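These are the residues of each chain, in order.
2 protein chains.
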Amino acid sequence: MQKTIKIGIVGYGNLGKGVEKAIAQNPDMELTAIFTRRQPDQLQSTGGGAKFEHISAAETYKGIIDVMILCGGSATDLPEQTPVLASMFNTVDSFDTHAKIPEFYELVNAAAKQAGTLSVISTGWDPGLFSLNRLLAEAILPEGKDYTFWGKGVSQGHSDAIRRVPGVKAGVQYTVPVQAVIDRIRSGETPELETREKHLRDCYVVAEEGADLEQIRQAIVTMENYFADYDTTVNFITEEQLKAEHQGMPHGGFVIRSGVTGENTKQIIEFGLKLESNPEFTASVLVACARAGYRISQEGGTGAKTIFDLPIGYLSPKSAEELRRDLL
Amino acid sequence: MQKTIKIGIVGYGNLGKGVEKAIAQNPDMELTAIFTRRQPDQLQSTGGGAKFEHISAAETYKGIIDVMILCGGSATDLPEQTPVLASMFNTVDSFDTHAKIPEFYELVNAAAKQAGTLSVISTGWDPGLFSLNRLLAEAILPEGKDYTFWGKGVSQGHSDAIRRVPGVKAGVQYTVPVQAVIDRIRSGETPELETREKHLRDCYVVAEEGADLEQIRQAIVTMENYFADYDTTVNFITEEQLKAEHQGMPHGGFVIRSGVTGENTKQIIEFGLKLESNPEFTASVLVACARAGYRISQEGGTGAKTIFDLPIGYLSPKSAEELRRDLL
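Taken in order, these protein sequences are the chains called A and B.
Residue numbers 6 to 333, in the working numbering, belong to the letters of the first sequence in order.
Residue numbers 6 to 333, in the working numbering, belong to the letters of the second sequence in order.
Next comes chain A alone, as it looks inside the complex:
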């Protein structure tokens, strides 16, 4: 019987709650404590009797917790937290500011190498599973073109932008991939496309009483950097409708590579996700990667790793023999 992997969660927002639930689905793992910057005694576990600790107490869990799963945001939390925690623990995070990944990698790699720990960085679904599929498809079909579509899903940044428009009380924005474009690519075409040609923006807006709806619509569809370049639809709804129909956090998308082999033989590789909860799914990827990171650490591996560096078999609780027999 293998020893249970002891997990700590840092941050208890949607992602941290998702990790708590995902650990409960994996019998080879055990949640040791949840670390927070808030008052730990004011937090209540949604998934059972988890123990809360102030983040400043993390150090006292050195040698007890096998992997810390960091559930903070990429803007300010992770660049600060990951290197500090990597100097004490194996870690996993979902740092997703694509442009800053190289610099984040160097920072975390240095901290983890020095401490002899292992950190899986920038995992989840994009970056994460989508990245893995972009790489795999490009390696197999070097002559080709790949397309990433996101959605249908809520974009937090665009929803925030809607809510800043005068007269708007509340609102949600969905990014929606353009089905006609997906169909063209699936049929073997390889068009040149900007992100805006691949996606629509669907807005659901609750207006303040007496607000000029047409003025709100105009303000949204002409907003630079957010909506001006896109086909944007604005739907006005009531607060009740918003609560009833738009509280979920669905997301998903596709990575499609259309390539050729031999004498112009068309070959298409596609990976897709359809998620009712983006944070719960991301959490499930983090938990599987925590298992892989723990194993590599047990074998003596140190430093920062991405999903590109993990033998995928390490994400499963099954042995290599079982995997060859049952899944190959």
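None of these hints come from the bench; they were simulated from the model.
All the pointers check out, no bait thrown in.
Chain copies aren't distinguished; within one or between two, either way the pair holds.
The calculated lysine-lysine pairs, modelled on DSS-like cross-linking and capped at a C-alpha distance of 27 Å, are:
1) Lys8 x Lys323
2) Lys8 x Lys67
3) Lys248 x Lys271
4) Lys323 x Lys271
5) Lys323 x Lys11
6) Lys323 x Lys150
7) Lys323 x Lys105
8) Lys67 x Lys11
9) Lys150 x Lys271
10) Lys157 x Lys248
11) Lys150 x Lys105
12) Lys56 x Lys8
13) Lys11 x Lys56
From a predicted model like this one, the values you see are computed outputs, not experimental measurements.
Given chain A, put chain B in place with the hints provided.
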């Protein structure tokens, strides 16, 4: 500048020809020689001036060829060839008799361990990419169900069975996934399904002159182990139509996992292939895996590996830095 990876091909059927073409798409690789059991001077390369050698000369290439890509069949060729060649070279093969993989693994692992070589076994798309996606999806969504669909594609075994029916001159059988079932699963249902409920069988048959077509149709659709349990369609066509429309070797399929996280939150992961040429695509996977095997061998790795054991980044010619910057 990295050294070019020197490749040998063993077997020059459709798969071997596909590997030759795939190597031409990968500038970090070089085809050193093609090994055959036939008279080497009677073979002509379809893809350029490749050198042919009799298989018995393989030993003289020890230390020259970095990876041997074995393109023989799983029934008799590979169980014999892989262990022998693994005792001299790093190898890659597409051994696809699922039930015999554990025993094949042990055989090859022992030979490769003893010789200090590395063998990537049972790769391609199923086993291979489909296996990888079954594993990945199960590791991320431990509570769920997965479905593998094959096709639309030619089944060699079923095409052979058609051709054995009296009165049949020629014929091709396509395995076709049932769209309505795929749609149910994509929408979140998780039905219990037998292979025969997920696939149709479409037959294109050239009858001999004067043959009783209805009798042929009956003989096919009632054939035990092949067609009796399936919805089977028999289409009679002319020899010209067969040549014009059914000479390709298309294939593909889907691996779909429908799982739940948290409190019954539905999450769907899907991987799909749409291939105009099954052997050329399989060949492209073998070539990318040859690169990964070579790298692991350069790092001192030995023994048999499957796609579950390969860090996926090793399949790409790009450096880890480039991959993090461009694809993560």
